[in-house]
Amino acid sequence: MAGGGPQRRGLQILVESALGVEALSELARSTPRLERIGLGENDLRADLRTDFDGPTMDAARVRCVFVSRAAGLVSPAMSVYPRLDDPEGLRRSCRDGLGMGYLGRFAVHPAQLPVINEVFTPSAREADDARAVLAAAASRPDAGSSVFVTEDGRTVAPPLLAQARAVLAMAEALSAGARAS
494 MAGGGPQRRG LQILVESALG VEALSELARS TPRLERIGLG ENDLRADLRT DFDGPTMDAA
554 RVRCVFVSRA AGLVSPAMSV YPRLDDPEGL RRSCRDGLGM GYLGRFAVHP AQLPVINEVF
614 TPSAREADDA RAVLAAAASR PDAGSSVFVT EDGRTVAPPL LAQARAVLAM AEALSAGARA
674 S
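Counting from 1, position 90 in the sequence shown corresponds to residue 583 in the working numbering; the numbering is continuous, with no gaps.
Be careful, since some hints might not be right.
Label-pair ranges, simulated between beta-carbon atoms [what the hints assert, rightly or not]:
| hint | residue 1 | residue 2 | range |
| --- | --- | --- | --- |
| 1 | 580 | 665 | 25 to 35 angstroms |
| 2 | 544 | 602 | 18 to 28 angstroms |
| 3 | 562 | 535 | 41 to 51 angstroms |
In case anyone wonders, no lab produced these hints; they're calculated from the structure. Predicted model, so just to flag it, every value in this text is computed and none were measured. Idealized CB from N, CA, C, for every residue including glycine.
Start from the sequences and build out the full structure, keeping to the hints where you can.
And the structure:
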């Protein structure tokens, strides 16, 4: 390999049991090479004897997000949606995952990719809004280090600036990936 040696790649693990969900914090700190934790939801659902979409699985999903972010890991990607004949169910599930803090989703079939991309790709409006927030902060004498209200009535604070940067980073990464394909 160019650059004088093999590149180190981040590890990703799937948790597929109740015991694994209980050990998420320990797993998240098990090695500095760990990049992402995800849930193997079909196996986990079987272990828990629960529905695919319901409060028990949502609790495991949310725990995975909290533990991942608390450990400084990349936000998790959702497990595969098991039904190929239910694009609206997939869309609803993806939106729920996005709202929980998931970064994307694995697909069991290429036919699912358009719905997954639709939900997890920031819209042009979201990217424009993020740019506007960052521009408003950049135009301030304190460079966005405090809370302020924009002319259109939005409150802007450092966490909202971080969110705007994340939206733009995601939009730009996906755009670069699309150009490379």
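Cβ-Cβ distance between residue 544 and residue 602: within 18 to 28 angstroms? holds, 21 angstroms
For the hint 41 to 51 angstroms, verify it against the beta carbon of residue 562 and that of residue 535. Since the Cβ atoms of residue 562 and residue 535 sit about 24 angstroms apart, the hinted range of 41 to 51 angstroms is violated.
Cβ-Cβ distance between residue 580 and residue 665: within 25 to 35 angstroms? 27 angstroms Cβ-Cβ, so the 25 to 35 angstroms window holds.
Violated hints amount to a single one, hint 3; each of the other numbered hints is respected by the structure.
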